[in-house]
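These protein sequence lines are chains A and B, in that order.
The numbering of the first sequence is the working numbering, which starts it at 1 and goes up by one.
The numbering of the second sequence is the working numbering, which starts it at 1001 and goes up by one.
Don't read these hints as lab results, they were simulated from the structure.
Cβ atoms here follow ideal geometry from the backbone N, Cα and C, with glycine treated the same way.
Just so you know, not all the hints are guaranteed correct.
[What the hints assert, rightly or not] Now the stretches of chain A that chain B is said to cover, found in silico as 3 or more residues with beta-carbon under 8 Å:
id, region
1, 63-73
2, 85-91
3, 97-104
[Unchecked claim] Straight line, CA to CA, 27 Å or less: simulated DSS-like cross-link-like pairs of lysine-lysine:
id, chain 1, residue 1, chain 2, residue 2
4, B, K1240, A, K130
5, A, K179, A, K234
6, B, K1102, B, K1126
7, A, K12, B, K1154
8, A, K54, B, K1126
9, B, K1240, A, K54
10, A, K12, B, K1158
11, B, K1154, A, K54
12, A, K115, B, K1240
13, A, K132, B, K1158
Here are the chains, one letter per residue:
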Amino acid sequence: MSELTLQNITKKFGAITALDDVSFTVKDNEFFVLLGPTGAGKSTTLRVVCGLEKPDSGHVLLDGVICDDSTPADRDVAIVFQQYSLYPTMTVYDNMAFPLRAPGRRLPEAEIRQKIEAAAEKLRITHLLKRKTVQLSGGEMQRVSIGRAIVRRPRVFLMDEPLSNLDAKLREALRAELKHLQKVEGVTTLFVTHDQIEALTMADRIGVLNRGRLIQVGTPEDIYDRPANMYVAKLVGSPRINLVSAERVDGVFRLTEMGIELPLEDSDHLPDHFTLGIRPEDVHLNPEGKFSGEIGITEPLGVETVVHIHSQEGEIVSLASGLIQLNFGEPVRFDINRDHLHFFNSQGDRI
Amino acid sequence: MNTPKSKRPEVNYATRVDKVTFKSKLTRNLKAILTVIIAFIVLIPVFWMAATSLKSRADAVAAPPKVIFEPSMEGFIGLLTQRRQVTAAQGLEEIKQDPNLKWYDRVMLNRGQQIVGKSEYVGYLKNSAITAGISTILSVLFGLFSAYAFSRFKVAGKGDLLFFILSTRMLPPIVVTIPIFLLYRQLGLYDTTFGLIILYTVFNLSFSVWLMQGFIDEIPREYEEAALVDGYSRLQAFFKIVLPQTITGLAATTVFCLIFAWNEYAFAVMLTAQKARTAPPSIPSVLGTGGIEWAQIAAGAMGFLIPVAIVTFALRNYLLRGVTFGAVRR
């Protein structure tokens, strides 16, 4: 396995800048997730890495060696696409054997068989080997695609939203399976997704991409607890973070729309006007709470309940554990945990 | 032991699928009847041709036309052979005694004709097969590769080029035959199979490029890209991944190109004389020689129809999918 580095990659399609000076390193054995919305440049990044697109500037390094001019075949990376990854005219076995039979490798058939059987065993697809790919379900297809990628032990494993086309249950199951496989096999993985849950649950490190720019790179904890700006704060976490405009007046924060005042300590570095980010789990319903509001709608999720609290002009979302019975319009009291507040300046950057 | 009547599960007749109303039965049958009638009308000329090709010379011109007749291979044999008229005075009976006679010799001798060799039509049929076969293979092959290029690569002036290719179809062939005739005479391509092959290939190419491009556009690029990453070159990816998926399109294109090249009349009649002449222009030329041999003409048309019918029938499953391509989800 190996290390992958992108240095100052810029890629333009006509007038559109798909990637703007993107640099990051995926360390050996690391599970690196690129997170961003549609059109952020995630797939373009993968295509640049595997050599299907040439960057306008910048370099791709594999194990410290620049490989800008290598063909996709020479780079020895494997890719799993969101769909259409399996060759429809072949059986599952032939699909998995395809990379091993490539001119550059051309392993003896006995060895191929052995490798495929081992990989199939790991992915629990042994019973599918003789089938045609059209007879597979979505989950089976993606299993086979992953199998085809790991069977040749590539230097880097690239995945382009491989779970997005699957239904929720299957996605969850395959997510855990994939993470386990990655750890057991120790494959350097670059995984692309728009799903923040996938990113948080699977990644060793996450890179957040927006409009071709890499905004923040960090562990899931970094991304969640110390988002570099409002964009990242909004992108990760469900329900979404509460963002309320606030001002600093006479030693207290005033949450402008909600008429709430929070006492403040050592806040000299804060500007007069800023945006305050409060994660829903830091808003606690408490009969003795300092603040009051009234219940808006509630969304019971089973393990927890999302409670929308109205307070004057504003609304704040709270995440309460368990199923709780609250009626629309009821008065409620709550507290805000001040240890995890996020401050953003008028540009949206973290203070 | 029999289940008591009262305990049998009751059938809910309202939901039984075999309970079909009279009206729906009628419409379904009406459709079938209508289909049969239309098929009958459409097939009359074909039936007429098939029947005539199997009639003897006398039956072919009988009035009123005979629907029931004694089948004879006269037409086919006449078409494929050259014969000599033999009278009784010239020893017709003696020739008939020859033990080496084949069945077709006897058929013709009963008409007072002795077979002396193959007719020119055999050569024309061979020319037709060669010309149509090679030009179809070439235009499908070129079409496949250019369509792939148009579909997958950035080609400068792609839209204009494609339109230019299509525009070669806009003139009816007959309009360009005279200039091509003059051109071919200068180039020494007049009355050569090679010349005809070039012409048919070019003429079919526009069709083949456009049709194949539609098919290749439908094949997601991800397959090839996956193959590239899996360690194959572009060309290998094309042959191993793309080609097997274009079979439907190839079959459809092949049939259409073949039908055109096989049936083509206008160019063939103008640009060939003897050596390279194909079958279509030679069928009507039978008309002139010694009375109208209707059985021979019908036999020529039948023999000409059969190969195309066989190819189309063999590829019919691909064709159906080819024609409805894009309209249905595969």
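Now the hints, each set against the structure:
no.	hint	result
1	63-73	holds (count 3)
2	85-91	holds (count 4)
3	97-104	holds (count 5)
4	B:K1240 - A:K130	holds, 19 Å
5	A:K179 - A:K234	holds, 25 Å
6	B:K1102 - B:K1126	holds, 24 Å
7	A:K12 - B:K1154	holds, 16 Å
8	A:K54 - B:K1126	violated, 53 Å
9	B:K1240 - A:K54	holds, 24 Å
10	A:K12 - B:K1158	holds, 21 Å
11	B:K1154 - A:K54	holds, 14 Å
12	A:K115 - B:K1240	holds, 22 Å
13	A:K132 - B:K1158	violated, 37 Å
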